[in-house]
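**Q** So the sequence shown is numbered by my numbering: it starts at 84 and just counts up by one.
Fair warning: there could be bad hints in the mix.
Below, in silico cross-link-like pairs of lysine to any residue (SDA-like), each with a Cα-Cα straight-line distance of 25 Å or less [claimed, not checked]:
(1) K121 <-> G176
(2) K94 <-> N191
(3) K248 <-> E261
(4) K223 <-> S260
Estimated spans, in silico, between C-beta atoms of each pair [what the hints assert, rightly or not]:
(5) Q311 <-> K155: 26 to 32 Å
(6) D301 <-> L259: 27 to 33 Å
(7) E265 <-> I233: 32 to 38 Å
(8) E263 <-> I162: 38 to 44 Å
(9) G123 <-> E265: 21 to 27 Å
Simulated from the structure, these hints should not be mistaken for laboratory data. We put the CB at the ideal spot given by N, CA and C, even for glycine.
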Amino acid sequence: MKLVCTQENFKKAISVVDKITSKQITLPILKNILLETKDGRLIFSATNLEIGIISKIGAKIEQEGKIAVPSKLISDFIINLPKEENIEIELKGHILNINCGKYKAKINCLDSEDFPIIPERKGENQFTITNNKFKDVINKSLSSVSLNDIRVEFTGINLSFFDNKIYFAATDSFRLSEYEVEITENDIYKEIKDTSVIIPAETLRELNKILHNATEDDEVLVTIENNQIFFDVNDIKIVSRLINGKYPQR
Numbered sequence: 084m085k086l087v088c089t090q091e092n093f094k095k096a097i098s099v100v101d102k103i104t105s106k107q108i109t110l111p112i113l114k115n116i117l118l119e120t121k122d123g124r125l126i127f128s129a130t131n132l133e134i135g136i137i138s139k140i141g142a143k144i145e146q147e148g149k150i151a152v153p154s155k156l157i158s159d160f161i162i163n164l165p166k167e168e169n170i171e172i173e174l175k176g177h178i179l180n181i182n183c184g185k186y187k188a189k190i191n192c193l194d195s196e197d198f199p200i201i202p203e204r205k206g207e208n209q210f211t212i213t214n215n216k217f218k219d220v221i222n223k224s225l226s227s228v229s230l231n232d233i234r235v236e237f238t239g240i241n242l243s244f245f246d247n248k249i250y251f252a253a254t255d256s257f258r259l260s261e262y263e264v265e266i267t268e269n270d271i272y273k274e275i276k277d278t279s280v281i282i283p284a285e286t287l288r289e290l291n292k293i294l295h296n297a298t299e300d301d302e303v304l305v306t307i308e309n310n311q312i313f314f315d316v317n318d319i320k321i322v323s324r325l326i327n328g329k330y331p332q333r
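The task is simple: from the sequences and hints, build the whole structure.
**A** Written out as structure tokens, the structure is:
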């Protein structure tokens, strides 16, 4: 792997995926970020096995490659770099060499083959919603989510699809909030009509951080399949497991 990219783009991508890296001692690979080059892009991936986040930036790729780099080490180094300088990255064996002006770092990395595979969406059961609408209902709904995991379904937000509308519901068993968003019906939406899914609150909190850095008119592509949900916002993708359980009837 050998490439050049802007420090600003590198730092933004690191900040998106870094917070999802796991602190599990039993699985050290989850403390790492997967760096991979593909089609002229540098791809950052992180997962805690419940949520996966992928962020892509443009880069001048001289040599392809991929490696799992310790999240804390690379984040601590990148945060102090001068904004005006480009970053030069070269992988030699399992050592990632990073140069940015007068700043240099050598980071010991792990084999990329040990990094968990983050699922890819197939493109079935999709709908789109604008950032401002989605962000608004997420903020309103999260305040009613239960912090107690005795009933796991109450630790998430329920999405139901009826009559060209999406209903967002959240409860902690003492209070219930419900909000609706109209969407334009199309052939894709018809496939998920009259169904519902429960999204973990933690997933939506991570998504909310990304939405706050996107423009109000940006569209969010939502895909539901195989007990998973995918959110695509520009060059960032989140994938999460759904919560198994039955939500209270509307």
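**Q** Compare the structure with each hint and give your call.
**A** Hints and how they fare:
1. K121 <-> G176: holds (19 Å)
2. K94 <-> N191: holds (19 Å)
3. K248 <-> E261: Holds - the C-alpha atoms of E261 and K248 are around 12 Å apart, at most 25 Å.
4. K223 <-> S260: Within the cut-off at roughly 8 Å; holds.
5. Q311 <-> K155: 26 to 32 Å: At roughly 28 Å between Cβ atoms, K155 and Q311 fall inside 26 to 32 Å, so the hint holds.
6. D301 <-> L259: 27 to 33 Å: holds (30 Å)
7. E265 <-> I233: 32 to 38 Å: Because 34 Å falls inside the window, the suggested range holds.
8. E263 <-> I162: 38 to 44 Å: Holds - the Cβ-Cβ distance for E263 and I162, about 41 Å, lies within 38 to 44 Å.
9. G123 <-> E265: 21 to 27 Å: violated (38 Å)
The earlier numbered hint that this structure contradicts is number 9, and it is the only one.
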